[in-house]
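Engineer: Sequence:
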Amino acid sequence: MNSDFQTLPTVVKLNPKDKIQIIRAEITRDLKLAIDILNVDDKSITDITFSIVFKDENDSYLFNGSEFFYYSKNLNIQPHTVYYIEPFVIDERFNTARKIEIYIKNITFVDGRAREYNNSSEKEFTLPIIPDKKQEKIESILGPEILTYGENLIDGWRCVCGAINEKESQECINCKRNKNFVLNNLTEPLINLKLLNTLSGSLEYDEEKKDILTSNLTQTQLTKIAPEAEELEEKRVNPIDIVPVKQKSSLKIFLKVLVTVLVIFALLFAGIFAFKFFIKLKTTHQLEDARAYVASGKYEDALVLYNDVKENNNKKDINSEIEDTKKLLESQRSYERGNDLILKSEYLASVKSFKEVIPEDTINFSNSQDKISELENIILQKAKTKLKASDKNTALKIVNDYLKVVPESANAINLRDMILKNSLEEKSLEEKLNDSIEEGFETDKSRAKITKKAENLLNTYQKVRASKGNLRVSPSIDSDIIVVLPTDSDLYVQETKIEGEERIWCKVAAKNVNTGEVFHGWISNKIMEEGTDL
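Start counting the sequence shown at 1; every next residue gets the next number (this note's numbering).
Bear in mind the hints are in silico, worked out from the structure with no lab data behind them. Keep in mind it's a predicted model, so treat the numbers as computed, not measured. Keep in mind that the hints are not guaranteed to be accurate.
To be verified - Below are the SDA-like pairs computed for lysine to any residue, each with C-alpha atoms no more than 25 angstroms apart in a straight line:
no.: 1; residue 1: 176; residue 2: 200
no.: 2; residue 1: 224; residue 2: 51
no.: 3; residue 1: 17; residue 2: 89
no.: 4; residue 1: 355; residue 2: 224
no.: 5; residue 1: 194; residue 2: 233
no.: 6; residue 1: 43; residue 2: 194
no.: 7; residue 1: 224; residue 2: 30
no.: 8; residue 1: 55; residue 2: 89
no.: 9; residue 1: 13; residue 2: 120
no.: 10; residue 1: 452; residue 2: 529
As the list claims (entries may be wrong) - Have a look at the derived ranges for each label pair, beta carbon to beta carbon:
no.: 11; residue 1: 322; residue 2: 257; range: 34 to 44 angstroms
no.: 12; residue 1: 312; residue 2: 136; range: 45 to 55 angstroms
no.: 13; residue 1: 93; residue 2: 136; range: 30 to 40 angstroms
no.: 14; residue 1: 220; residue 2: 116; range: 32 to 42 angstroms
no.: 15; residue 1: 330; residue 2: 503; range: 27 to 37 angstroms
no.: 16; residue 1: 268; residue 2: 118; range: 36 to 46 angstroms
no.: 17; residue 1: 231; residue 2: 266; range: 33 to 43 angstroms
no.: 18; residue 1: 280; residue 2: 93; range: 26 to 36 angstroms
no.: 19; residue 1: 222; residue 2: 119; range: 23 to 33 angstroms
no.: 20; residue 1: 312; residue 2: 171; range: 40 to 50 angstroms
Using N, Cα and C, we set each Cβ at its ideal position, and we do this for glycine too.
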């Protein structure tokens, strides 16, 4: 067979209540059948018979849809394991086969009990196609236990371990993963997104091959290049078979006792090791789930898992994660409270809540800053309206109340100064106010960005980069100029005020580069950038 031998998705017939399921089955390039069996029963399986119908590349039945039975015996499919059956050969009659429909006909347990399956109660489930290279990336990034995609199906739901579960079951019958977690975090689109996010920061991510990589990791695969059976045998390894040891009658009594004691000690140590391994595996799963909840904003669910891990494992190294999650939860609640207060028209209280949203809350911080800007516009517009109605005291109270919550607002400071000033040199108060109302305040759609920029400027040393810089009495381009600073004058930023969406006013100690004189006043961040004079 050539390397272009491509197979179609396999269809498995089973009942989600069954404890023995086919989780992977495919035709190999060298005309063999490779099948993986999941056994969540409490007994081992020794023999199993499969019923298979073959289809060609056009999805048409071969041999009029006749069933063919394949019998595998002398197996040791242990309880609660995934077992890879050694591929068995199909003859040349099936060289055009590209797809199979398969179900379990009957099985025999280790105690001799046999079971025949009732085909009428079984449902059809199509197994997703995952190319080998993509499967390797999934296992390397998300873990070797991720065998397939999680999916909500008509007759049940599929876990990433391969098990098909009943619709109402909230926990996987095999790996015990939570249904909601699997369907909210490990479906095909979400796994694709995790792969892209991880690979975009890795060395193998080539910008020139970005489109090809994105296509390969996000498109649902309808066909797959069939592997060689030998390749599969190298990748899939069965648990070590536990075969009962038959004692020879000629052994001496002390040897029997010795063997028994050794077996007991071995089982004891194996039990301790298995228990510790189980606890470690459970802890790993819980931490993965908790971090996934944090990433999706489900902080309360994350804290439940974090606290469970800490209580049962005494893991002190997750205390910082717990504290960070608590802060994110409080930030989220502040954001939700702010939205509720907007609906009640309690705008100033809403601004207070949005101010409590922290920058680490990447889900809500940017939106909260945008809402602060929108509310600032509403509140200051209300103050202007009062001022136009000659209600100066009420207007001043509105602005001062706002500045108590948002002291960095240059717009509010300028409006306060306008109210307090009895006369204006260039325009009357009414003309100035009319201009301000007509122009309005631009809603700062980048407030989160400019807020961060203002924080970064605090307590830093800067220089005048423009050809000149006006040092002013207050944070406004209408305020008086104290001195004009030449290029390369030193500045130390002591305080910042935000004006609109582009300007940050900085209260500085400034040293004139030519005279050495030191001045104190307000200067725009624009003069710290080349080519701007203010």
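Engineer: Which earlier hints turn out false for this structure, listed by number in ascending order?
Structural biologist: 1, 3, 4, 5, 6, 11, 12, 18 and 20
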